[in-house]
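*Asks:* Protein chains in written order, with this note's numbering: chain F, 1 to 285; chain G, 1 to 285.
Accuracy of the hints is not assured; some may be wrong.
Because identical chains share one entry, a pair is satisfied inside a single copy or across any pair of copies.
[As the list claims (entries may be wrong)] No more than 25 Å apart at the CA atoms, straight line, and that leaves these computed lysine-lysine pairs for PhoX-like:
1) K2 with K177
2) K201 with K71
3) K201 with K43
4) K2 with K43
5) K201 with K5
6) K2 with K201
7) K5 with K152
8) K177 with K43
9) K152 with K2
10) K71 with K177
11) K271 with K201
12) K5 with K177
13) K43 with K271
14) K271 with K177
Hints in this document: simulated from the structure, not taken from any laboratory.
2 protein chains.
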Amino acid sequence: MKALKFGGGLTFVQNAAVPIRQGEALVQVTCAGICNTDLEIVKGYAGCGKCNLCIAGDARHCPERTVLGIKGRDGAFAEFLSLPPQNLIEVPESISDEAAVFIEPLAAAFNILEQITITPSSEVAIVGDGKLAQLITRVIAVTGGRLSAFGKHDEKLELMRSAGAQCFHVERDSEPKHVFDVVIEASGSARGMSIALNLVKPRGVIVLKSTHHNPTLLDMSLVVVNEIQIIGSRCGRFRPAIDFLASGGTDVRPLISAEYPLEEGPLAFSKAAAPEIMKVILRVS
Amino acid sequence: MKALKFGGGLTFVQNAAVPIRQGEALVQVTCAGICNTDLEIVKGYAGCGKCNLCIAGDARHCPERTVLGIKGRDGAFAEFLSLPPQNLIEVPESISDEAAVFIEPLAAAFNILEQITITPSSEVAIVGDGKLAQLITRVIAVTGGRLSAFGKHDEKLELMRSAGAQCFHVERDSEPKHVFDVVIEASGSARGMSIALNLVKPRGVIVLKSTHHNPTLLDMSLVVVNEIQIIGSRCGRFRPAIDFLASGGTDVRPLISAEYPLEEGPLAFSKAAAPEIMKVILRVS
Numbered sequence: 001m002k003a004l005k006f007g008g009g010l011t012f013v014q015n016a017a018v019p020i021r022q023g024e025a026l027v028q029v030t031c032a033g034i035c036n037t038d039l040e041i042v043k044g045y046a047g048c049g050k051c052n053l054c055i056a057g058d059a060r061h062c063p064e065r066t067v068l069g070i071k072g073r074d075g076a077f078a079e080f081l082s083l084p085p086q087n088l089i090e091v092p093e094s095i096s097d098e099a100a101v102f103i104e105p106l107a108a109a110f111n112i113l114e115q116i117t118i119t120p121s122s123e124v125a126i127v128g129d130g131k132l133a134q135l136i137t138r139v140i141a142v143t144g145g146r147l148s149a150f151g152k153h154d155e156k157l158e159l160m161r162s163a164g165a166q167c168f169h170v171e172r173d174s175e176p177k178h179v180f181d182v183v184i185e186a187s188g189s190a191r192g193m194s195i196a197l198n199l200v201k202p203r204g205v206i207v208l209k210s211t212h213h214n215p216t217l218l219d220m221s222l223v224v225v226n227e228i229q230i231i232g233s234r235c236g237r238f239r240p241a242i243d244f245l246a247s248g249g250t251d252v253r254p255l256i257s258a259e260y261p262l263e264e265g266p267l268a269f270s271k272a273a274a275p276e277i278m279k280v281i282l283r284v285s
Numbered sequence: 001m002k003a004l005k006f007g008g009g010l011t012f013v014q015n016a017a018v019p020i021r022q023g024e025a026l027v028q029v030t031c032a033g034i035c036n037t038d039l040e041i042v043k044g045y046a047g048c049g050k051c052n053l054c055i056a057g058d059a060r061h062c063p064e065r066t067v068l069g070i071k072g073r074d075g076a077f078a079e080f081l082s083l084p085p086q087n088l089i090e091v092p093e094s095i096s097d098e099a100a101v102f103i104e105p106l107a108a109a110f111n112i113l114e115q116i117t118i119t120p121s122s123e124v125a126i127v128g129d130g131k132l133a134q135l136i137t138r139v140i141a142v143t144g145g146r147l148s149a150f151g152k153h154d155e156k157l158e159l160m161r162s163a164g165a166q167c168f169h170v171e172r173d174s175e176p177k178h179v180f181d182v183v184i185e186a187s188g189s190a191r192g193m194s195i196a197l198n199l200v201k202p203r204g205v206i207v208l209k210s211t212h213h214n215p216t217l218l219d220m221s222l223v224v225v226n227e228i229q230i231i232g233s234r235c236g237r238f239r240p241a242i243d244f245l246a247s248g249g250t251d252v253r254p255l256i257s258a259e260y261p262l263e264e265g266p267l268a269f270s271k272a273a274a275p276e277i278m279k280v281i282l283r284v285s
C-alpha cells in the first residue's frame, strides 16, 4: 500500500506492507490531518520511549500501550491502518471526512470544559492563534464567556475574531494585565506561559495546553502571591466533539489551509510547518 | 521607644517615635518572630512598591492598603505598633506569646486544606524542611494522609520525622517518581518546583508555597502531558491556626532555634539566615 515512512527523514513509499493484526480491524483511510505532534515527531522529539514525555506518559497509562502513529504502531498517513475494533467510533454521515480530521483536537478543546467551569460572566483569554487555539475559541464561545485572543498572526487573529473573540496582537497591542478569570495557553511557544501569567487575575486559572519542549524561565512567585491555579490539559473524549460537529456547532473548513495527495506528503509537511498555515490535510484514498 | 530600623542596613534605635494613628489601637509587643519575608526585605527584595510582587499584590487588594512591616506601615520589631482595632484578634491564654508567633505561618499552612482535599488515603509529599514545611507537616498530619518529606538538612528532617513524615534527603536518597497525589512545594528554592514535578503523579496536584524570586527553568510540558494541577497558596485565616494551637494540636517549641533581645536584632537576623536555623524570636518587652 501507499504510505509515508519516517526514519530520519520523511518519504513516500508505494509498497508498504498492509498492517494485519490478529483480532483487529483493518481501516481504510480517506484523509488524514497533519498535527503539531506529527511535525514534532518529524523533528525528532518523540518516539524514543526514553524521553521525559514518554516516561511521563507511561506513568499514566499501561507501559505496554501503543499509540497510533506515535508509539509501537504505524500512523494514519497510509492507505490502511489496524486498530482494535473497540477503538473505532462511528462518525455520523453529517460530518465530512475533512471535518472528522478535527475530532481529536476538538476533543482536546472540549476537555477544558470537563476541568473548569466557564459561565457567561467569565472573562476568558486564549493565548495563541494556531489550530488548537482556533478550536478552543469555538468551544469556549458555546459557554457564552467573554473571549479575548492573544496571537501574532493577523490572518489567524482575524479567524479568531470571526469566532467571537476580541483580538490582541502580542507584539503590537498592550495587554490588559491581571484581569482574566481563565487564561488558556495554547500558543505552543515558550513565551506563552509568561504572557498567561500576566493576563490571569489573582485567584484565576491558567489552563495549559502547549507541549513545546523548551524549558521555560518562569517567575513562579506570581503563582503563589496571586494564588493562581494552573491546570495541565491534554486529550479529551471524542463524543462531545462529534456531537458538536454533527449538530453544525462550528464550520471547520476555514481552518483548512491546504490539501495534498499522500504522494506529496513530504511537501505537505514542509508547508504545514509554516507560520501562517493552519490544518494541512493529506488525501489518501 | 526601642525599635529595629531598616534603611539600607538594619539597626537598633532607642528613640523611635511611638506610632500613633487616629482611630487605631496602640499594641505593646512582647515578642516577634523573624520570618523569611523579613530576611528577604533586609536583602532588599521588597518595599519598593514597584516590583512584580508589589504590583501583583496590588492587583488583588486595595491599592491603598498597608501591610504591617511590609507596605506603608512600620513592623513589629518595636515596643509598640499601631493597628486598626478590627485587625486585632484575641489570643487565648493557653497559647504562649512564643507560640502565638507561629499563628500567621500556621494559618498559611491551614490555607492548603481550604484549597484541596486530603484524605487518609492520600499520598502527600512535602518539598522543603524549613519553618513553613515543618508547620505544613504538622497540619497535614491531622488529615491522616501519608506523609513523605524531601529536604536536605538532617536535623530538620529529623523534626519532620518526629511529626510523622517518612523522610528523604534530596541529595542522598533516590526519590520515588510520579507517585504522590499531592506535592506541597515549600522549599523556598528554585529547585523545589522541578523536584515537585518529578514527585507528583499524573492528574496529581502541586501546591506551591515558595515565593523565592529566582525565575526558574521549568519543563511545563510535563504539566500538560500528565494533566497536573498547580495551585498557588499564600496566606490563610488565623482562626484554624489559633484553634489548633489552643487545643494543643502541636508543640511549636522545637521549631524555635533561638531567642534574642530586641537590642541584638541585627545579630538575630544574621543567625536567622543560617541554613540549619529555624524560627528566631526577638524578645521586645
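*Asks:* Now tell me, hint by hint, if it's right for this structure.
*Replies:* Verification of the hints:
1. Taking identical chains as interchangeable, the C-alpha atoms of K2 and K177 are never at most 25 Å apart, the minima being 51 Å within one chain and 42 Å between chains.
2. In this homomeric assembly, K201 and K71 come within 25 Å of each other (Cα to Cα) only across copies, at 21 Å, whereas the closest approach inside a single copy is 39 Å.
3. Within a single copy, K201 and K43 get their C-alpha atoms no closer than 36 Å, and across copies no closer than 28 Å, so neither meets the 25 Å cut-off.
4. Taking the shortest alpha-carbon separations for K2 and K43, only the intra-copy value of 22 Å comes in at or below 25 Å, while the best inter-copy value is 66 Å.
5. Within a single copy, K201 and K5 get their C-alpha atoms no closer than 46 Å, and across copies no closer than 34 Å, so neither meets the 25 Å cut-off.
6. In this assembly of identical chains, the alpha carbons of K2 and K201 never lie at most 25 Å apart, being 51 Å within a copy and 41 Å across copies at closest.
7. Taking CA atoms no more than 25 Å apart as the test, K5 paired with K152 passes in neither setting, with 33 Å inside one copy and 49 Å between copies.
8. Proximity of K177 to K43 under the C-alpha cut-off of 25 Å is found in neither arrangement, the shortest distances being 35 Å within a copy and 28 Å between copies.
9. Proximity of K152 to K2 under the C-alpha cut-off of 25 Å is found in neither arrangement, the shortest distances being 38 Å within a copy and 58 Å between copies.
10. Taking the closest pair of Cα atoms, K71 and K177 come within 25 Å of each other only across two copies (22 Å); inside a single copy the shortest separation is 41 Å, beyond that limit.
11. Taking the closest pair of Cα atoms, K271 and K201 never come within 25 Å of each other, the shortest separation being 38 Å inside a single copy and 38 Å across copies.
12. Neither within a single protomer nor between protomers do K5 and K177 lie at most 25 Å apart by alpha-carbon distance, with minima of 46 Å and 35 Å respectively.
13. In this assembly of identical chains, K43 and K271 lie within 25 Å of each other by CA distance solely inside one copy; the values are 14 Å within and 53 Å between copies.
14. In the homo-oligomer, the alpha carbons of K271 and K177 never lie at most 25 Å apart, since the shortest distance is 35 Å inside one protomer and 40 Å across protomers.
In summary, the numbered hints that this structure violates are 1, 3, 5, 6, 7, 8, 9, 11, 12 and 14.
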